[in-house]
Every structure is written in structure tokens, then in C-alpha cells.
Amino acid sequence: MSVAHGGDALAIAAAIREGRVSAEAVAQDALEAVARIDPRIHAFSAVTSERALAEARAIDARLAAGEVLPPLAGVPYAVKDLFDIAGVTTLAGSKVLAVDPPARADAVLVTRMRVAGAVLVGTLTMDEFAYGFTTENSHRGPVRNPHDPARIAGGSSGGCGAAVASRVVPLALGSDTNGSIRVPSSLCGVWGLKPTFGRLSRRGSYPFVASLDHLGPFAATLAGLAACYDALQGPDGQDPACARRPAEPVGTPRADSLDGVRIARLGGWFEERASSAVRAAVDRACAALGAVRSVEWKDAALARAAAFIVTASEGGALHLPEVRKRYGDLEPLSRDRFAAGALVPAAWYLQAQRLRAAIRERARALFADVDVLIAPATPCAATPIGETTLALGAERLPLRPSMGLLTQPLSSIGLPVLAAPIPAADGALPIAVQLIAAPWREELCFRVAAALEAAGVAVSPRPEISA
Amino acid sequence: MGPMDEAAIRAYVAAAAAAQRLALPPDVLERVAVEFSRIATIAAPVLEAELRSEVEAASSIPP
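Line by line, the protein sequences give chains P and S.
Throughout the first sequence, residue numbering follows the working numbering, covering 1 to 467 in sequence.
Throughout the second sequence, residue numbering follows the working numbering, covering 1 to 63 in sequence.
None of these hints come from the bench; they were simulated from the model.
Every clue listed holds true.
Chain S side only, calculated, beta carbon under 10 angstroms to chain P, not exhaustive:
#1 Tyr-12
#2 Leu-24
#3 Val-32
#4 Pro-45
#5 Ala-49
No more than 20 angstroms apart at the CA atoms, straight line, and that leaves these computed lysine to aspartate or glutamate pairs for EDC-like:
#6 P:Lys-298 to P:Glu-361
#7 P:Lys-325 to S:Asp-27
#8 P:Lys-298 to P:Glu-271
#9 P:Lys-325 to P:Asp-100
#10 P:Lys-325 to S:Glu-30
#11 P:Lys-95 to P:Asp-329
#12 P:Lys-298 to P:Asp-371
#13 P:Lys-298 to S:Glu-48
#14 P:Lys-298 to P:Glu-272
#15 P:Lys-298 to S:Glu-50
#16 P:Lys-298 to P:Asp-369
#17 P:Lys-95 to P:Glu-322
Here are the computed distance ranges between Cβ atoms for each label pair:
#18 P:Glu-296 to S:Thr-41: 17 to 27 angstroms
#19 S:Ala-7 to P:Glu-32: 51 to 61 angstroms
#20 S:Arg-21 to P:Gly-267: 46 to 56 angstroms
#21 P:Lys-298 to S:Asp-27: 35 to 45 angstroms
#22 P:Gly-268 to S:Ala-8: 28 to 38 angstroms
This structure is a prediction, so every number in the text was calculated from the model and none was measured.
All C-beta atoms, glycine included, are put in the ideal place defined by N, C-alpha and C.
Based on the sequences and whatever the hints tell you, model everything.
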């Protein structure tokens with residue numbers, strides 16, 4: 001690339017702002033990187049070349065006119081293909097939506113990225129309708145992990161994880177219903193944020209489970225993640241699930257601001273379902289933070305089970321028309337689950353929703369004397385493409401639903417979680433730790449992440465396959 | 001509450017699918033029953049959980 005940015009969104013923005021490189025040159029380089037790298041990782045589902053170059057030229061024109069550029073001016077990014085892009089059909093990883101007309105307008109978060117000056121270069125592959133943790137999309141082929149293309153990138157936002165890890169783009173937008181930002185962040189070794197439920201507008205994105213869907217950013221650097229998150233924030237009066245809260249910018253995360261922040265490790269469910277390598281990564285993070293305390297969240301299993309039922313039921317109900325009429329065109333890896341979900345009795349669903357509400361109330365006690373909790377994001381590192389089971393101790397679990405065992409309990413009650421990538425000490429595959437705070441306290445997650453980054457424990461490792 | 005009987009699950013899935021006007025061939029129904037059984041297994045502790053009567057269902061309300 002014209003700018004050796006290493007995936008640093010803010011370095012790109014600074015270079016453009018200072019006139020060291022044009023936004024158009026950066027966009028052309030990003031498009032060239034897609035053409036060169038993507039055949040090896042299959043992250044992109046569409047490339048928006050014309051739009052990228054037009055947005056970049058507009059940035060260059062503003063600079064030439066003496067305007068002060070917005071914070072992400074000229075920074076290339078891509079979005080999971082469930083975000084509406086004006087003029088592009090929103091596929092949500094499916095074949096059945098291909099006949100739909102193109103979206104008439106951008107999703108709210110895409111509009112906010114444009115206002116922040118970012119340049120959209122394309123859409124990214126996902127599990128069909130976001131139901132999966134592996135992005136082995138049978139219609140498009142699996143997204144491959146840039147650290148080892150024989151392995152999965154995680155899902156359902158697997159294209160986001162792979163595109164950012166390979167530095168084809170420094171930023172991406174994804175969605176997380178049960179872990180779909182945090183799982184690919186972990187398996188691809190990039191930064192990811194699932195904000196508090198209701199923090200970011202979902203208007204203009206294809207839904208999966210209205211009760212649980214969150215949108216959020218991926219980034220190759222922590223500062224990039226913070227800048228992107230700040231660009232996305234703000235209420236949306238037209239989205240009933242978006243909280244009426246003003247933006248609460250996190251700014252530049254500072255490593256020297258941990259005074260008074262109480263940090264503890266989440267034990268129990270989160271330790272028992274992690275491999276020894278994953279536990280070792282959490283050990284390194286806790287040691288760097290001086291976190292010696294361990295707490296147990298007794299409701300974790302129940303929270304996960306409730307989310308499982310709600311997901312099956314709402315997802316199944318949403319896609320019942322396709323299950324009825326176009327079963328053969330649906331993803332073979334998830335269509336049976338959609339059908340089964342549509343048959344869940346209403347009493348089960350309502351009990352699960354009531355339980356979520358009760359657990360959410362009880363979880364307040366967790367944060368009475370702790371500010372940030374640490375837990376692994378995935379039970380293990382990236383598994384081989386095609387693997388169907390996950391070995392956890394003596395147990396063998398079905399892999400596709402189980403890769404989210406450690407993320408699902410947390411999104412079930414809407415807590416904000418930042419996934420911080422931890423490279424393996426021996427050069428093996430990365431994983432991420434989850435930094436978890438009470439609702440609306442994302443800034444605490446960023447402060448702890450900055451301390452981990454400053455200690456050299458958390459960083460997005462650059463794979464051999466990278467721009 | 002004990003585990004659900006597999007034959008009962010298959011019968012329920014067949015009946016519920018018919019009620020939902022899901023005309024699926026027997027081999028597909030069999031696979032759907034396996035998935036439903038998995039949901040039922042995970043659901044068991046949720047269905048057993050005792051909740052205060054004042055806890056109401058919440059769906060899309062932000063926390």
C-alpha cells in the first residue's frame with residue numbers, strides 16, 4: 001500500500017489529513033489488497049469499487065478546499081453483508097435473498113461511518129442469516145483464517161475477522177447475537193466490541209434475533225476500535241431497540257488510567273469450558289493486570305440456555321416462510337436448526353425471556369465490587385475447516401453451536417464486552433479474552449484493554465497472509 | 001423433570017410441523033427432531049427454573 005499502515009486506521013487518517021497520501025491512493029491500494037489477498041481467505045462477498053473511489057475523491061476534495069477532515073477520513077472499511085448498502089442487495093449470507101431488490105438507503109451505522117469520513121470497500125461473508133460460529137457458508141465456501149487458511153475464521157462475522165486480521169481493511173462492522181463479533185475476533189486475533197444491548201442503532205441491518213442482536217466494530221488496533229465505536233454512537237429515534245442515550249465517547253484509550261478499576265477473573269463455567277492454552281492466555285492477561293481475584297457467575301449456564309431457546313425460536317419464526325417454501329435453497333448446515341426452532345413451544349420461549357430478565361437483575365450483584373471481569377472468548381483456538389465436534393476434556397460437543405459457549409451467556413443479558421486479542425506465546429494461533437463491564441460502561445473495557453496493550457499482552461498479530 | 005423421550009420428540013416434531021404447515025420429507029423431519037432434541041436438552045434447566053410471578057417477559061427492551 002502507499003501507506004504502510006499495518007492496519008492502523010488512525011495512522012491512515014493522519015497521513016491523509018497531513019497530505020502525505022491521498023484518500024484515493026489509499027482506496028486504490030485497499031481495492032488492490034482485496035484482489036490480491038481475498039482469493040486466499042474468501043472474506044469478501046462484494047466489492048464496492050466505484051463507491052470507494054467516489055468517497056475517497058470526495059475526501060481529497062474536502063482537504064483541498066481547506067476543510068477540517070472528520071476522524072476516519074479516508075480510512076477503508078467493509079461491512080458484514082447484513083448491513084444495507086444503497087444500491088446493493090442485502091444477502092445476509094443467503095441465496096434466497098439474491099432476488100430481492102437493492103437496498104434503497106445505507107444502514108444507519110454505514111451512514112455514520114460515511115459522516116466520519118470512512119470509505120466503504122465492500123461487504124463481507126457470514127454464516128447464512130448469522131446462524132453459526134464458523135462461517136462455513138455452503139453457498140460461498142468457507143471464510144479462511146489468515147493465520148492458517150485450513151482453519152475457520154469463526155462466525156458468524158467470519159469475513160470481518162479475516163478481512164481485518166489480514167489488514168485488507170483496518171476496520172469492519174459486524175453483528176453479535178450470541179458471540180458473532182467476539183468469536184471471530186478470538187479466532188482471527190483482532191480487536192472487537194459488542195457494546196451494551198441498545199447502544200447502537202440496528203436500523204438498516206438484516207435481523208436475526210431481535211431480542212439479542214447487537215452491532216459493533218472490529219479493528220486491527222485498539223485505538224482504531226475506539227475511534228470507530230465513537231463514530232457509530234448516538235441515539236436513533238427510529239429504532240425502538242436503540243436506547244435514548246447520548247453518545248458517550250471513549251476517546252483515545254489510555255493505559256495509565258486503571259486507578260480504582262477493580263478487575264477479577266470469571267471462573268466456573270468460563271474456566272471449565274476452556275482448553276489449557278486458552279486458560280494460559282487468560283492467566284497472562286490477569287497477571288499483567290494484577291487481577292488475582294476470581295469470581296463465579298452462577299447463572300452463566302442458565303443465561304446461555306435461555307439465549308439458546310430465544311435464538312432458536314425467534315430465528316425459526318423469522319425464517320419460517322423460507323423453511324416452508326425454499327428449504328432446498330437454505331444453508332444445509334443450519335436449515336434443520338431453523339426448522340426445529342420454529343417448533344419451539346411458546347411456553348418455553350416465554351420462560352426463557354422471563355429468566356433472562358431475572359438473570360439480568362441478579363447480575364447487578366456481580367458488579368457491586370468488581371468493575372471489569374475477564375473471561376476467555378472461545379473454548380479453543382481456530383479449528384480445522386470441516387471439523388464437526390469440539391473436544392472439551394472428556395466431552396465431545398457439536399462444534400457449530402458450541403464455539404459460542406463462553407460468549408452466549410454474556411450477550412444473553414446485554415453486557416458490553418470488548419474482545420482483546422492475545423497472541424500465543426509460542427507463535428501458535430491467537431485467542432481473545434473478553435473484558436466485561438456493567439451495562440453502559442464500555443469505557444471501563446477500553447481502559448483495561450489499553451493496560452493489556454501497554455503491557456504487551458494484547459495485540460493483533462499480523463499473519464503471513466496480509467496486505 | 002427427566003429427559004424427554006425420543007419417540008415423544010419425534011411425534012411432537014411431526015405434529016408441530018404439520019400444524020405449522022411445514023411439509024418436510026421424513027428424512028428431514030428426522031434430522032429436525034435431532035435438532036429439536038438438542039434444544040430440549042439445553043432448555044431443560046430453563047423450564048425447571050423457578051421465577052417470581054412478578055418477573056415479566058421482556059423482549060426488545062434495552063437493559
